[in-house]
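Q: Please take these sequences and the hints and turn them into a complete structure.
There are 2 protein chains.
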Amino acid sequence: MAQTNRQIVLDHLPQGRLTPSTFRQTESAVPTPGEGDVLLRTLYVSLDAANRAWMQGATYRAALAAGDVMAGGALAEVVQSNSPDLAPGDRVFADTGWQDYAVLKAKHLHKLPALEPVTHLLSVYGVAGLTAYFGLLECGQPRAGETVVVSAAAGSVGSIVGQIAKIKGCRTVGIAGGAAKCDLLVRELGFDAAVDYKADGLRRALRGACPDGIDVYFDNVGGDVFEACLFNMKTHGRIACCGAVSQYDGDAPAHGPRGVPGLIVTKRLTLRGFIVSDFDAHRDAALAELKGWVESGQLKVREDVIAGLENLPAALIGLLAGENIGKRMVKVA
Amino acid sequence: MAQTNRQIVLDHLPQGRLTPSTFRQTESAVPTPGEGDVLLRTLYVSLDAANRAWMQGATYRAALAAGDVMAGGALAEVVQSNSPDLAPGDRVFADTGWQDYAVLKAKHLHKLPALEPVTHLLSVYGVAGLTAYFGLLECGQPRAGETVVVSAAAGSVGSIVGQIAKIKGCRTVGIAGGAAKCDLLVRELGFDAAVDYKADGLRRALRGACPDGIDVYFDNVGGDVFEACLFNMKTHGRIACCGAVSQYDGDAPAHGPRGVPGLIVTKRLTLRGFIVSDFDAHRDAALAELKGWVESGQLKVREDVIAGLENLPAALIGLLAGENIGKRMVKVA
Numbered sequence: 001m002a003q004t005n006r007q008i009v010l011d012h013l014p015q016g017r018l019t020p021s022t023f024r025q026t027e028s029a030v031p032t033p034g035e036g037d038v039l040l041r042t043l044y045v046s047l048d049a050a051n052r053a054w055m056q057g058a059t060y061r062a063a064l065a066a067g068d069v070m071a072g073g074a075l076a077e078v079v080q081s082n083s084p085d086l087a088p089g090d091r092v093f094a095d096t097g098w099q100d101y102a103v104l105k106a107k108h109l110h111k112l113p114a115l116e117p118v119t120h121l122l123s124v125y126g127v128a129g130l131t132a133y134f135g136l137l138e139c140g141q142p143r144a145g146e147t148v149v150v151s152a153a154a155g156s157v158g159s160i161v162g163q164i165a166k167i168k169g170c171r172t173v174g175i176a177g178g179a180a181k182c183d184l185l186v187r188e189l190g191f192d193a194a195v196d197y198k199a200d201g202l203r204r205a206l207r208g209a210c211p212d213g214i215d216v217y218f219d220n221v222g223g224d225v226f227e228a229c230l231f232n233m234k235t236h237g238r239i240a241c242c243g244a245v246s247q248y249d250g251d252a253p254a255h256g257p258r259g260v261p262g263l264i265v266t267k268r269l270t271l272r273g274f275i276v277s278d279f280d281a282h283r284d285a286a287l288a289e290l291k292g293w294v295e296s297g298q299l300k301v302r303e304d305v306i307a308g309l310e311n312l313p314a315a316l317i318g319l320l321a322g323e324n325i326g327k328r329m330v331k332v333a
Numbered sequence: 334m335a336q337t338n339r340q341i342v343l344d345h346l347p348q349g350r351l352t353p354s355t356f357r358q359t360e361s362a363v364p365t366p367g368e369g370d371v372l373l374r375t376l377y378v379s380l381d382a383a384n385r386a387w388m389q390g391a392t393y394r395a396a397l398a399a400g401d402v403m404a405g406g407a408l409a410e411v412v413q414s415n416s417p418d419l420a421p422g423d424r425v426f427a428d429t430g431w432q433d434y435a436v437l438k439a440k441h442l443h444k445l446p447a448l449e450p451v452t453h454l455l456s457v458y459g460v461a462g463l464t465a466y467f468g469l470l471e472c473g474q475p476r477a478g479e480t481v482v483v484s485a486a487a488g489s490v491g492s493i494v495g496q497i498a499k500i501k502g503c504r505t506v507g508i509a510g511g512a513a514k515c516d517l518l519v520r521e522l523g524f525d526a527a528v529d530y531k532a533d534g535l536r537r538a539l540r541g542a543c544p545d546g547i548d549v550y551f552d553n554v555g556g557d558v559f560e561a562c563l564f565n566m567k568t569h570g571r572i573a574c575c576g577a578v579s580q581y582d583g584d585a586p587a588h589g590p591r592g593v594p595g596l597i598v599t600k601r602l603t604l605r606g607f608i609v610s611d612f613d614a615h616r617d618a619a620l621a622e623l624k625g626w627v628e629s630g631q632l633k634v635r636e637d638v639i640a641g642l643e644n645l646p647a648a649l650i651g652l653l654a655g656e657n658i659g660k661r662m663v664k665v666a
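Quick note, the sequences are listed as chains A and C, same order.
Using this note's numbering, the first residue of the first sequence is number 1, and each one after it goes up by one.
Using this note's numbering, the first residue of the second sequence is number 334, and each one after it goes up by one.
Rather than coming from a laboratory, the hints here were simulated on the basis of the structure.
Some hints here could point you the wrong way.
Calculated from the model, a selection of chain C residues having no Cβ within reach of chain A, i.e. all distances over 12 Å [claimed, not checked]: (1) Leu351; (2) Ser354; (3) Lys438; (4) Pro544; (5) Trp626; (6) Ala640; (7) Gly651; (8) Lys664.
These stretches of chain C come out as covered by chain A in the derived footprint (C-beta under 8 Å, 3 or more residues) [claimed, not checked]: (9) 580-588; (10) 599-606.
C-beta: ideal position from N, C-alpha, C; glycine also.
A: This is how it looks when you write it as structure tokens:
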């Protein structure tokens, strides 16, 4: 075991966009677990748009502060355990933060199943897959034959949402940035159509791709794309509110989309915000269904693995700029 | 029967706020019913914020156009019937528009029960009462002990929403314009607290009135009040989206409330838009329950009756400015 613990610290709370200097790398001693604790070694850190939102203020977790080790969920291995519930070698998903080693209370952790490739525990069998599954099926309530639109469709969650919608018999339209991603959605992931939000005329393009309107919109981005979808919703449509990545990397948003709440009323829409832990009670059943789809080849898993703890800042900055396809993670050890 | 039919016509589609010259009064011959039609005499015209929204574009009904007789729901009496389903003297609720007489298809109309005072058919047993009932109970899903906030709380719908929330054991907070209305809510209608949105510091006042946050917000107004409530919602709160009167009388809204969709996600809110006809299947049960509350004195009905067809434009302009308390209607005959 190494004697030092490399850490990436939030140097200051960002004003405007993240830059590499928002972070700095430091070293400390490997921490010692107390009673009931485990010492974890970070294997793969999950990169998520929400990481940026945590810098904006309290969300479903406390806000980050300058000087904190940057927070982040990771696949980690138990190195030392002072708890009967976990043993060295066990793998867990934990908020280790951006560092080699972390000490956490064992009682909040659950041993993950042995599974290959192990990265799937962060993508399709992790937060991304479960977020897609519950957000689409519970909040979106899609019915066969309906039109489902998802934004950030080439991302970790969106790429799974669209494929589950297809499995459920829906017409599926992805919104993504750039022709290459749009092409991938249709050619490789089986979307019926894709709309490039970086091209002109988003609202018109969306209308063209959804001539009968949108029954279910799975929103990962907020902002102008949310607004364009809102105007194209069908009566009694549902919007699953998963995130607002367009609003995270910069100052707090000055205002919300046009049409709220007027269109919610006249179209009788239901909007539901969620985070994945709201559905913890149904997690095992969801994982079993996801596993069946992956094994049958109906659900393709895209991952984007970058090596090296020191590359975490650039990996997050790039994710917020939309450079990844599928689930981005950084291999630390 | 009169030989002429007084009509108030939409002179032009308004730019900005309604003024008396948005309308003009004219006369035509009393129309003649065809096969399956009835000739209706308008008794009381219902004034509703939605009347203004109909001038902005298609909603749940087609947009109004210049030269149209102004649309409006009314309590009306059958004068002549070419249908076996209705007889002279029967009373119905119908979109007669702002005129003395109208011909409509009988098959879309339902005979109303005999009931005194007859005006209750437009208030507590009409669209206002049913909107309050279904919006609060179905979309809001309040539980005893929760905090329910309603905007336009002294209006036709809001005054009933707050009282039903009290009946259901909720802490009830009304938002209204001016000290007189706020006073009425607390002293006469049994609200636990009232917040004056015209005074400074709405968001702070709301926090003071709802120290634990808002579980259910019944939104009649949209705009800044919606935004203030959104920021004060509790996790897993519900917003019943009933209307956006703050946005109707003027140009189309430039943008939506801050916090959409970010706060919907982090607070895991559910927003649901509705119109009363979505719940037609449950109408009789709702009316029976409303009737029980009115007869027991638990639900007080406030009405604001103005006499004279010629006063319809001023009555609507005043309603949009918030001058009414309770259900506003104009007695035509």
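Q: Does each hint hold? Answer for all of them.
A: Going down the list of hints, with the structure as the test:
1. For Leu351/C, the requirement that its beta carbon stay farther than 12 Å from each beta carbon of chain A is met, with the minimum near 17 Å.
2. Every CB of chain A lies more than 12 Å from the CB of Ser354/C, the least distance being 26 Å, so the non-interface label holds.
3. Remark: the non-interface label on Lys438/C is consistent with the geometry, its nearest Cβ contact in chain A lying 23 Å away (cut-off 12 Å).
4. Once the 12 Å rule is applied to beta carbons, Pro544/C is consistent with being away from chain A; the minimum gap is 18 Å.
5. Distance to chain A confirms Trp626/C as a non-interface residue, since its nearest Cβ pair spans about 26 Å, more than 12 Å.
6. Every C-beta of chain A lies more than 12 Å from that of Ala640/C, the closest at about 31 Å, which supports listing it as non-interface.
7. The beta carbon of Gly651/C is kept farther than 12 Å from every beta carbon of chain A, the shortest such distance being approximately 22 Å.
8. A cut-off of 12 Å between C-beta atoms confirms that Lys664/C is not in contact with chain A; the least separation is 29 Å.
9. With 5 residues carrying a beta carbon less than 8 Å from a beta carbon of chain A, the segment 580-588 of chain C meets the three-residue requirement, and the given coverage holds.
10. For the segment 599-606 of chain C, the stated coverage by chain A is satisfied: 8 residues place a CB nearer than 8 Å to a CB of that chain, which reaches the threshold of 3.
In summary, this structure violates none of the numbered hints.
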